[in-house]
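There are 2 protein chains.
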Amino acid sequence: TLCRHTLSSLSATRRGLPKEKMSENGIMSRAKVLTIDTMNPTVKKVEYAVRGPIVQRAVELERELSEGMKKPFAEVIKANIGDAHAMGQQPITFFRQVLALCSYPELLSDSTFPEDAKSRACRILQSCGGNSMGSYSASQGIDSVRQDVARYIERRDGGVACDPDNIYLTTGASDGIVTMLKLLVCGEGTTRTGVMIPIPQYPLYSAALAELGAVQINYFLNEEKCWSLDITELQRAVNEARQYCNPRALCIINPGNPTGQVQSRQCIEDVIRFAAKERLFLMADEVYQDNVYAEGCQFHSFKKVLFEMGPEYAETVELASFHSTSKCYMGECGFRGGYMEIINMDDEVKDQLTKLLSVRLCPPVPGQALMDLVVNPPQPGEPSYGSFIKERTATLSALAEKAKLTEQVLNTVQGISCNPVQGAMYSFPRITIPEKAVKEATETGQQPDMFYCMKMLEETGICLVPGSGFGQKDGTYHFRMTILPPTDKLKILLNKVKEFHQRFTQQYS
Amino acid sequence: TLCRHTLSSLSATRRGLPKEKMSENGIMSRAKVLTIDTMNPTVKKVEYAVRGPIVQRAVELERELSEGMKKPFAEVIKANIGDAHAMGQQPITFFRQVLALCSYPELLSDSTFPEDAKSRACRILQSCGGNSMGSYSASQGIDSVRQDVARYIERRDGGVACDPDNIYLTTGASDGIVTMLKLLVCGEGTTRTGVMIPIPQYPLYSAALAELGAVQINYFLNEEKCWSLDITELQRAVNEARQYCNPRALCIINPGNPTGQVQSRQCIEDVIRFAAKERLFLMADEVYQDNVYAEGCQFHSFKKVLFEMGPEYAETVELASFHSTSKCYMGECGFRGGYMEIINMDDEVKDQLTKLLSVRLCPPVPGQALMDLVVNPPQPGEPSYGSFIKERTATLSALAEKAKLTEQVLNTVQGISCNPVQGAMYSFPRITIPEKAVKEATETGQQPDMFYCMKMLEETGICLVPGSGFGQKDGTYHFRMTILPPTDKLKILLNKVKEFHQRFTQQYS
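In the order they appear, the protein sequences are chains E and S.
Note that full-length UniProt numbering has the first sequence beginning at 1, numbered continuously upward.
Note that full-length UniProt numbering has the second sequence beginning at 1, numbered continuously upward.
So that you can see chain E by itself, here it is in the shape it has in the complex:
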């Protein structure tokens, strides 16, 4: 075929038709309209390591295994993504009962379903057009769900008021984050919007900024201090950035992804003061708000701290905070549910936001229903309360145990050093990669930690994401690994990582 292709393009060139070529059956084949050279250049700049080349290879390996090909492992373990149910975490029974009832309301007369599940399903269906989850909702989300979200936030934040008008339901948290960034982008050259993001970051941020053509402003988390956030580093980053762009927003991920730190109340106050002083729109990614494990750590929402700082801040600092059904004890990623709360947003901009959302009609209604259940779970005295608490506690306790286990085992390995996993669902250990391996990686055009993770995948079947996909200080290497596998499996996995690291280190020493 190579030869044939060469010939046909030759003959096309001879005829002076550079945009067309003759194929083997004598048909003029046109050059494509859409090619890598003529496609949207901002899309090309997008990178998303969590589902990048390493995951594609993992999928290939899975297929090869299923086709009976011999490998040094029996299964591929995808520890690359926070996909709880795929790792065996069980859904909350009450949530799924209500979803089944909403999907097929004939079940409302089935006596095996608890009454509180039925009444919850009725309430959701009554808020749907034609009492069907198949109807479009309002673009901002179902009214009653937004009211429930508002009440949840008030309870969570010790009574700080929340207006349902400030709640927007979203298609997962990602959708809300991208939408907010989209509103913020304007200007050209040195007036182009800059957005501050942590390094390491969750690569949705860098991907969205690349696609929007905004300027990514990196501020580095302090690995030595358990990935904490220093205001002096924020100040350095914003000062430097002002020379080449217009910094307009500051993104915080708390608890941290991929770094697992939980921010102190004091730190959040400092960040808010900094945002006010530097006139930055705050974006608080709080999707791991229930995933806090370390003793002495506690989740504080930016909204709550903002309001406790008094009207000087509470009435002025613009804040969007994000939550989702995908993480915490729910892990319902596939439903793509989420919400954002927006504080102190200009009214005209809010109208523009609502208009923008209306083009996509509405977030998926089953995801909205699920979000409603998350913010309004069974209450004491209701029939499902006991089992709900039991299931939630079991999941969160297991996660706390696995967070500890991961940190402990990884820290026994020479050349791996792992900060405490205070929260979220990942460890992000630092790894020492021998000079020889760095050299070999560089020669093959790979990041050294990509080289390391790819080798681990091929030898052990364990799929991790290299630190370079999240950003890290030059010369340091990391990987992100979820703590989600069941405890017994996680132990095996951690031991395999340990053995691999030792083997790899020896091989390249």
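Warning: the hint list may mix true and false statements.
Copies of the same chain look alike in the list, so a pair counts if it fits in one copy or across any two.
When the alpha-carbon atoms are kept at most 25 Å apart in a straight line, the in silico DSS-like pairs for lysine-lysine are as follows [as the list claims (entries may be wrong)]:
#1 44 x 350
#2 182 x 45
#3 390 x 44
#4 44 x 182
#5 182 x 355
#6 70 x 496
FYI, nobody ran anything at the bench for these hints, they're computed from the structure.
Guided by the hints, dock chain S onto chain E, whose structure is given.
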């Protein structure tokens, strides 16, 4: 408050602090970071009439009614949007049974569910990580669902081959359309990507093009010939456009939204030849493919016609076609399910597409499950086959009847002329608006048909979308009305429209 605001900005100005102002309690209130003047200018250009000001007023009226306010009507009828279940259309029982089983697999042991629903649910769950719809799927969509889609397309298109690798599951069709447009946009000034869209169009297209900063190239459908598409008009449009942009794509909506026409096979062939000649990427919006009512009309997919035209076209013309769970006999809008099939796309661009989709992780899994059921419904011999066929036929027959009824009644009104509703879910009649009304509208800064529809809403509670929201020839006026209300309600609605039009005409004569 006006006075207080003036004072505080005065005092702020006096202090030389134009960006801050003193609020009543003595607190310095900062100017907002994000304002209408500093937000993304392309977002401001987005318009989406289907959920525009008229719908916002309809929602207000509903609230006012529910608060006991007196109105000249008892209920608001939203005939503005193709939201079938909200208008009383019943979901397909089998689909909802499977969704309930997938949501709460404990029901698999419930003997009241038919066996085919159970086996279908098992098949879907087996394709989900951890057998849970709560897991992320592959970004391109669940493998087995994409295989089912491919087989559906092969059956639909009389055996023309379909490769599951060309199928991408989406969050409704809108998501797929926006993603494809995003890939196509590049260049600046006169080399900026231009995209041809029909006028009248479904305003997702104009909204997406505005947001992407692409050039909208209008080609006008021929109202006199039942909204048919003339190649000479396509040629005129592309020739003119080449002077100010780079036309790269041609969008077709068939069956038409808002115009209801069904394209002939010959016309589709002509369009494909035109696209090949002019080097345009074809985008075929075929979400109403089962909604064909008029005698002598038949749905032909662009894919099928393309392949029947032989390798000269089948191997070269780039095509993306879109389908959804939201329309046809399903009407499951809330689940946001859909797929696109991509033909002859450059391999490198395909990789970029997959990467871009991965940033948003995956389309909602319940919507994917539903899409699977749509493309793979109960088969003859299976327990649910009978009821499925009965329900589907009932819905489609009722729609056919309502399409006819709408056309007939509207054409009895002097000053309204309505083309046959050959397909889709809308009538788009032309209305005569008296000079005096046009003048009054213009004086109040409104489009005359917006003025007309707003008056109709206030007087009758009927919510329609003015033709100006879809585009129309200058000096002509239309509205879009869904044919979805139940037949008896539709009759009342059509009579109210008739009476209103007569009253309005009289009032402004």
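Hints breached by this structure: 3
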